[in-house]
Amino acid sequence: MGRAVALGTLSVLLCSCGEKFKYFERRVDLAEIERSLSDRTLKDDIHSDKLEESGYKGEWPPVAWGLEEFMVASLFFSPSIDLAKENLKKSLISAEISAQHSPISLEVTAEHHQKALAGERPWGLGMALALPIVTKNKRQALSERAALYADNARLALAQKSWDLRSALRDNLISLRISDKRLSIASQRYVLAQKILDLLEARHRAGYISDGEYEIASLETSKFKSQFEQEKNISEKFKIAISRIAGLPINEVLSLRFNWEFLSKFQMENSSQIYRKYALRNRIDLHALIIDYGAADADFRIQISNQYPQISLSPGYLWDQGDGIWSLVGGIIPPTNIKERVMEAELQRSVMEKKVIELQSTIRSEIDSNYMSLKNALSTDVAANEEIRERLKVLDRQRVNFEEGKISRLDLYRERMLLLNAYDIGVQAEQERLIAISSLEDACQVPFLGGSLLPDFRIPMELVN
483 MGRAVALGTL SVLLCSCGEK FKYFERRVDL AEIERSLSDR TLKDDIHSDK LEESGYKGEW
543 PPVAWGLEEF MVASLFFSPS IDLAKENLKK SLISAEISAQ HSPISLEVTA EHHQKALAGE
603 RPWGLGMALA LPIVTKNKRQ ALSERAALYA DNARLALAQK SWDLRSALRD NLISLRISDK
663 RLSIASQRYV LAQKILDLLE ARHRAGYISD GEYEIASLET SKFKSQFEQE KNISEKFKIA
723 ISRIAGLPIN EVLSLRFNWE FLSKFQMENS SQIYRKYALR NRIDLHALII DYGAADADFR
783 IQISNQYPQI SLSPGYLWDQ GDGIWSLVGG IIPPTNIKER VMEAELQRSV MEKKVIELQS
843 TIRSEIDSNY MSLKNALSTD VAANEEIRER LKVLDRQRVN FEEGKISRLD LYRERMLLLN
903 AYDIGVQAEQ ERLIAISSLE DACQVPFLGG SLLPDFRIPM ELVN
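Using our numbering, the first residue of the sequence shown is number 483, and each one after it goes up by one.
The set of hints was computed from the structure by calculation and includes no laboratory data. Take these hints with a grain of salt, some might be off.
Unchecked claim - Here are the computed distance ranges between Cβ atoms for each label pair: (1) Asp564 - Ile697: 21 to 31 Å; (2) Lys856 - Val672: 17 to 27 Å; (3) Ala546 - Val863: 50 to 60 Å; (4) Ser707 - Val837: 48 to 58 Å; (5) Asn751 - Asp511: 50 to 60 Å.
Claimed, not checked - The list that follows gives simulated cross-link-like pairs (lysine-lysine, DSSO-like), each with its CA atoms no further than 30 Å apart: (6) Lys567 - Lys836; (7) Lys662 - Lys620; (8) Lys642 - Lys620; (9) Lys676 - Lys567; (10) Lys539 - Lys758; (11) Lys572 - Lys874; (12) Lys662 - Lys746.
Note that the Cβ used here is the ideal one computed from N, Cα and C, for glycine as well.
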């Protein structure tokens, strides 16, 4: 009877060990990956359910592509985002594992006796169940630490999404500036060639010197070289956008772009406002706050570990016909607890100092970027004012030309001055957009749109 009880109990325990898993083979097929990447199209891969999941409200595929459209595509096509999502799943499982305290263990022993009792088999079967006792405070600390690890995993995905968005934004800005510079370079080259043709006629007639004609010829060659360089730069940025978003390069090269997002930014009147944005949204600051919380949980765990670890081990032994029940209490005294507690306390203090250090750095970044943006906006305003003045001068010169007061050469040279002003204006626009981008990254707020990012925010009471 006793042996049947022991065997039955053992069978129940073994059967209740949880779900059974089987190994399955999964090979990396490079040829299949290549086919999948080659066959990808913008029309087929994103369906309505995925668009609804992303929060995108426009039609798909879009007629014109801006930052938000590329961000939507990246969230589904980018291998980097796929990798980050898989890492998140793994990290969440790891967090669950870390929440588990000392496991219950079962020890089973079988004995064979050389001298068997009369009428009994020479076997003994015993088992003992170890039940560690964990305090409420320790269980709570372990659970909180696991939850913080899970939050950190979500932040990692949010950071990857932000990095991807920043890269898309920077390349789209560069593409827009490159297109404008290409247009100016083309007009400059055409106008310089017209000026050179007029000077060539004057040179043949002896009205200008060889040196003056040679200078104009060199100037035309310079504008031609600039035009040829700008033609190749635009394609380079489109290739970069294709790589970042995980989109087919042939489709990106033929897309129509929407630049409305570049004009969405509205300047706040104080850097203090941007500091609040950063406090609310900076992923690295949130990650450090979570690390501080984890360090605090570790400190509480070490405080709990200063008490002896207690376990109860109920057992049963069937020995040649005799059934013996037992209950054993175990106590494991702590070791090096003073050093462990001090280490955990200091780690919490270190994390607190890191939060203070980073917040100080963020304040400096915000103030510096805010001033840079103000200067860039002033430069941009001045450049546009210069363009308006040059347009007025060109209008007057056009009237003078029609009235015969100036030559066609004078009119062309005035147009060249206007193109120079446009070139300076494009440079000022680029500096302004770069300054906005730097402030975006310092706050991690999508001022220019493309806000389809994972919600990584944590409650403000934790920030405060």
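Hint check:
Judged by the Cβ atoms, the range 21 to 31 Å given for Asp564 and Ile697 is violated: they are separated by roughly 57 Å. The given range of 17 to 27 Å is broken by Lys856 and Val672, whose C-beta atoms sit roughly 37 Å from each other. Between Ala546 and Val863 the beta carbon distance is about 28 Å. The supplied range of 50 to 60 Å is therefore violated. Distance hint for Ser707 and Val837: a CB-CB separation of about 52 Å, consistent with the stated range 48 to 58 Å.
As the Cβ distance of Asn751 to Asp511 is approximately 57 Å, the hint placing it in 50 to 60 Å holds. Taking the CA atoms of Lys567 and Lys836, the gap is near 28 Å; set against the 30 Å cutoff, the hint holds. Simply put, Lys662 and Lys620 have alpha-carbon atoms about 63 Å apart, too far for the 30 Å limit, and the pair is violated. Restraint check: the Cα-Cα separation between Lys642 and Lys620 comes to about 33 Å, which exceeds 30 Å; the hinted pair is violated.
Distance hint between Lys676 and Lys567 is unfulfilled; the C-alpha atoms sit about 58 Å from each other, more than 30 Å. Between Lys539 and Lys758 the alpha-carbon distance is near 29 Å, which keeps this suggested pair within the 30 Å criterion. With a CA separation close to 64 Å, the supplied pair Lys572 and Lys874 exceeds the 30 Å bound. Restraint check: the Cα-Cα separation between Lys662 and Lys746 comes to about 19 Å, which is no more than 30 Å; the hinted pair holds.
When each numbered hint is compared with the structure, violations occur for hints 1, 2, 3, 7, 8, 9, 11.
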